[in-house]
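Asker: Here is what each chain is made of, one letter per residue.
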Amino acid sequence: MAHNSGGPAILVEGLTKSFGNVHALRGIDLAVPRGTVLGVLGPNGAGKTTAVRILTTLLEPDGGRALVEGYDVVKQAAAVRRSIGLAGQSAAIQEELTGRENLEIIGRLYHLKWPEARTRASELLEQFGLSDAADRAAKTYSGGMQRRLDLAASLVGRPRVLFLDEPTTGLDPRSRLGMWEIIRSLVASGTTLLLTTQYLDEADELADEIVVIDHGKVIAAGTSEDLKGKVGGDVIEFTVPDRTLITNALAATARIGEGEPHADPETGVVSAPVGGRGSDALVDAVRALDAAGIQTRGLALRRPSLDDVFLALTGHAAEEEEPAGRRRGRKKKDSSPMDSERTAS
Amino acid sequence: MTAIATPASAMPADIEPGLGTRISWAVSDTLTITRRNLLVWIRVPAYIVFTVVQPVMFVLLFRYVFGGAIPVQVQGGYVNFLMPGIIGQTAAFATFGTAIALAQELKKGVIDRLRSMPMARSAVLAGRLVADTSRMLITILIIVGVGYAVGFRFSNGVGGAIAMVVLATVFGIAICCVAAWTGLAIGDEESVQAFGMIWLFPLTFVSSAFVPIQSMPGWLQAFAKNQPVTNVIDAMRSLALGHGLPLETNLLKSIAWLGGIFIVFLPLAVRAYRRAS
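So the protein sequences, as listed, match chains E and U. 355 is the number that my numbering gives the last residue of the first sequence; the numbers go up by one with no jumps. 281 is the number that my numbering gives the last residue of the second sequence; the numbers go up by one with no jumps.
Hints are computed from structural coordinates only; laboratory data are not their basis. Take the hints with a grain of salt, since some may be wrong.
To be verified - Derived PhoX-like pairs (lysine-lysine); straight-line CA-CA distance at most 25 angstroms: (1) E:K149 / U:K111; (2) E:K227 / E:K238; (3) U:K257 / U:K229; (4) E:K240 / E:K227; (5) E:K149 / U:K112.
As the list claims (entries may be wrong) - Here's a subset of chain E near chain U, in silico, CB distances under 10 angstroms, partners left out: (6) Q99; (7) I115; (8) A163.
Glycine is no exception: its CB is placed at the ideal position from the N, C-alpha and C atoms.
Please work from the sequences and hints to get the whole structure.
Answerer: This is the structure we're talking about:
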């Protein structure tokens, strides 16, 4: 049992880390109570991976401190490593070996005896639906299967705190749902989980608490409902099939809502926060768009998603593609932390 | 789905294991990593082709195609001159595998996972070196066998033959340290491979491995004479063949070179592993 059975599973205070003159983390605070899920949400290069690498003892922070299960990640790194599991952004498995061999080797490296390592491998293969493929080389697995094997590997040592760095990045929608199912059952068994993601629906779906990180700082924290409250009500959303009319559509809906409408130039989706005005705003929007002669598809009123939250907090969408200055005012600063995160993965 | 992870951990986190336990873990972790690396090697036919078939082709190529045009003053002719050279080159080239494997593991996050686990931190590099050394030794023995089939003979007794194989292996391990450092520091498979070509090709070919240095232009001789591969291969040749070939100077120079390589590159490799990202 850990010596701080009362405290939070993860406690982070004022954590900073720079790579050269790139400030990946600029003072992060986090507290994750035992048995809960924290979703760390942010775009590429926000500092998510850097934070996970510090918490899993792979990287030393420049300033601040971080405790996992009460152990300092720098001074008591060995104890931290005995308490955690890590699954990173890619499947960290030996593709030439079978799924079973991969897990048995990890078991041996956790200093299980051979029979125990074998049993543990079989258990996990069974639980992750990999029994049929257990004795095939992992390179014959689908992407989803490889990620499941990777997650299974992170659980061999029965960690109390699990770190999943973008566990579903690059997976097809069906594998993603399967992964969510597995993650939910892990949490149900009492494991504390820190999950980073770029996908707002993922954080919404899995996390008890969410922190939003951008440019190495926590810019918002709370439950998914709290964060949605920050947008202040409902959102009107519609698609403009004729992309050349997007500017007109923004102008037409500028006055009906409570905030600036936002348009995605690629998909033609326009969304406008309308606060508590609900269906009145919907009627206004129909009139305004009609008066401006703009055809739309799928005009509807909906509850705000975390996408809207991200937009409201940062002024840019979370899943916008990164480089080449498409984002206002973040060209120079942002390209480097992104690079450092990529090499860090 | 039933509970997947029982929170009860496999081991208590706050009890620090004693020194004895830590040493026995370091040994067993190294063996586990060694076993894993050797398993990977035998599973991939391409690796076996690269490590075994390629040097065999070099033996045949130099013995029967180029060899006739290369005059040497060695008893038993060119094949006896050639074999220590090929064996040295094989040991050096075997380290491509070391660098590439480490770069791949780094890129895929395998090294991150291992570093986040409570295993001995030395085991990943140690296991890599032990596995690659075993692989190298097997390859060297195969090459010696092929050499015997095409007319090579040890002529300095069993002791000399064993000493030659040992020297070749130690040389290979030294180059392995350099390769491990490049693999971890560069961290990209293709770049590591290209970089390996750039330094290993000139080092092995501009040496006494395949031709007598006297046949090279003077400016090149200056490099060829004083570089480690030549010293090591000349020492190996003396150990294998005897016949009054100068052993002592070459052996001392080899030991100095190899010692220097270990002193510089082993710490660099360890540092690159610790900082690997």
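Asker: Would you list, in rising numerical order, the hints stated earlier that this structure does not obey?
Answerer: Hint check: nothing fails, all pass.
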